[in-house]
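Fit chain to chain and form the complex, with the hints in mind.
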Amino acid sequence: MTSSRTAFAAILAKDLRAELRTLQSLPAMALFAVTAFVIFRFGLNRSHLAGSLAAGVLWATLLFAAVLGINRLFVAEREEGGFDAIRLAPIDRSVLFTAKVAALIVYLAALELIAVPIFALFFLSSAASLPPLILVLVLADIGLAATGTLISSMAVNSRARDLLVPLVLLPLVVPLMIAATAATEPLMLLGGVSYHRFGTWLIVLGLYDLIFALLGYAVFDFLLED
Amino acid sequence: MYGKGLRPLSIATVVAFAITLSLVFFYAPIEADQGFLQKIFYLHVPLAIVSLCGFIVGGIFAVLHLRRDDPRWDAYSYVSIHISVIYACGALITGSIWAKGSWGHWWVWNEPTLVSFLIVFLLYATYYPFRYAIEDRQRQARYASVFAITAGAFVPLNFLAVRMSASLVHPRVFATAEGGLPGSMMLVFLCAIVSMALLWTTLVKFELSAKSAQGQLKRLRRALDAPSGPPSSRIAPEVH
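So the sequence lines, in the order shown, correspond to chains A and B.
According to the working numbering, the first sequence holds residues 72 to 297 in order.
According to the working numbering, the second sequence holds residues 13 to 252 in order.
Listing some non-contacts, in silico: residues in chain B with all C-beta distances to chain A over 10 Å:
| no. | residue |
| --- | --- |
| 1 | Arg19 |
| 2 | Ala30 |
| 3 | Asp45 |
| 4 | Leu49 |
| 5 | Gln50 |
| 6 | Arg80 |
| 7 | Leu104 |
| 8 | Thr106 |
| 9 | Leu202 |
| 10 | Leu210 |
| 11 | Gln228 |
| 12 | Asp237 |
Footprint (simulated), chain B over chain A, 3 or more residues, beta carbon under 8 Å:
| no. | region |
| --- | --- |
| 13 | 231 to 243 |
| 14 | 249 to 263 |
| 15 | 274 to 285 |
| 16 | 288 to 294 |
Honestly, the hints are just simulated from the structure, not real lab data.
For every residue, glycine included, the Cβ atom is placed at its ideal position computed from N, Cα and C.
Isolated chain B, as found in the complex (with noise of 0.2 Å):
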């Protein structure tokens, strides 16, 4: 049931990459300063934007989830959230490399973006052993959508702190991204973003196929154990 459309998804996120690829590494200009590996700059950055809207988008479905009261907005909430998790795992870790190349460290504390990240990362990373924690079906739908809520008012209170906190204006290398990123680079940024998004998607898709799909083996193995009825039927299953 979540497999719908799942064919063209994945074909136009594969068209978009091998696209966005090609414009990074053939038309992207070279940046004056940090040279080629400024280029990590389209995959880290799209990275890291991706997941704090997926985090976000996880909380919009919990409330879904907890006006409704349906377990499907809960599945696409945990979804939305664990690609998340995995993209914001990914974004660190291009940040790191980033990071250690251009300013010579791999962690730079007085750097607000970094530690606001790494803290929005660490209250995610919760997530899990927090919804696995409680046994009841419902009731865990209900707490991680709960959780999803909170964590989602969480991400812009916890930039706007630790933003504040940087007392020292650190040179941001991208003080330009907003305003004076040139036409071409801003170009190749937009289809960056646009392509790790459509992979976001296609990646929240599969998960929740795959899932449904468990689901319904797990089902189906069940009806098939189950010791009511006839031998016979154990040889051909009937399951509906």
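For reference, chain A alone in the conformation it holds in the complex (with noise of 0.2 Å):
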């Protein structure tokens, strides 16, 4: 057990420092999701934003900013041969999944620590829907995470790598957006914060992130055989 758990956090600690020295994903992300709000915003024709209208554009951005991310999750292993170097590894196969799931979790960890404040600076009245917002991210970034990672292992061992990632991944987390959306909803309401049914859609997001990780955790063996 404790060498899973030191190759998970070496696995970790690769990816982070990989990121933090080349800076590949992240700028990008955060450039893509502060542009989106300000088309938004012409889109909409609109100066400020509450509640389904607030939630859905804070989530679309998000989702779509994730998803340059997760485009490039596993471009490293595939092109710098990572993949064949974990087989070789006398290491659970498993653990390069969980390691990569966390790893997205901070990336998106660190997107929405750019892109919310933004987006509550921009669009919303106040802040006071923020510190609840946390809840709902906090999940929604296990399950996105967990999702991506399984799509973007798949998709990066074929040809049209760009292209499967946000085609196979959006129905996939449509259930997810549902449920964010809708406990983020009440949050940015412009009367004040209102907890509807918050709990209910927080527990909805916590079976999804559970079914989805322990269903990437089971098949992701299967995804490096060769």
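So, in structure tokens, the structure goes:
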């Protein structure tokens, strides 16, 4: 078990270090999110958003920004032979899955750390909805990272890598997005923060996370065989 | 090898359909609210149910493929999903016609069953580009199986999320579908489901035998074109 844990820590540290040194994904994701907010500002022609519109704009932007990072998640593994190294290493292969999910969660958290305050600054009249929003963000990130890692690991070995991730991932995360927007919507109402059915939607998010995390963990082994 | 039992199965399907259709048109009572239009129910609902079950069955075959590592199960899984996607297309179209007739709109967004079915259909529609974007045969089969399992788990979860999101309770035409369907309608409906499932099985078997025949033909052609051996072997193909 210790060897799994050290392997997990090593892969995660490798990913984060590589990202910090190359800055391949994160700046692009953050820049994309901010640009998308600006586009929404003019596309909807509103300077303030509330309720379902605010939730929709926030989650659509975060999802598409996340797709950028998910696309690149396994590129280094494929191009630099990381997959072969993992296959050769005497470790449980599912460790690669958990480490990649963890790395993706870190990316998403960093993205949200930048994008959500900017969103609040651009569109929201008060910051009162942000503290409870953290809970929704965390749960949605876990689900997005689990499905994203699974799809990304498959897409990276195909001909149409950049095409497949959005194509397959988007329908797969529709339930996640439904739950996340439904939980976010009452937080951003004009009249102030409301917790209407907040707990129920958090449970749905948690259920989604659990199912896809377990599923990804169970099937990931088969994706690395060769 | 897949053709075994195909003929009795096809005959059974034809007979079942003949019985079901005659029951639908001559036996089932005309519904009081919707009149004749309601008869599309016997086509639409079985299509939808059988296609959803087919997606799950495809996922189960995919699990078997990953566990046993036998390409046959991958073929089963692929063909199950393929036929189910066609069924889902039919269910969407018939559902749209029915919705136009009874609700006055081709599409209704706050009817959770419609929306969740559409999402499932969209997900499975990506199965083809996904599968054929992977060149290596074995890897393609493995990845497609992983997709089929993931999507199979996704089907119930998606229905849960979409159903919960519909805050308005739309008047369900078939709120009675579970409980209060009159006996004669229920009988016809069960007949329709059985014949749809039979048709599904027949189509799956047909597609499988067609695929295996195609594969055999390709193998024979390749053996025929192979430059090895004396030229006379080209005229008299002795391929085993």
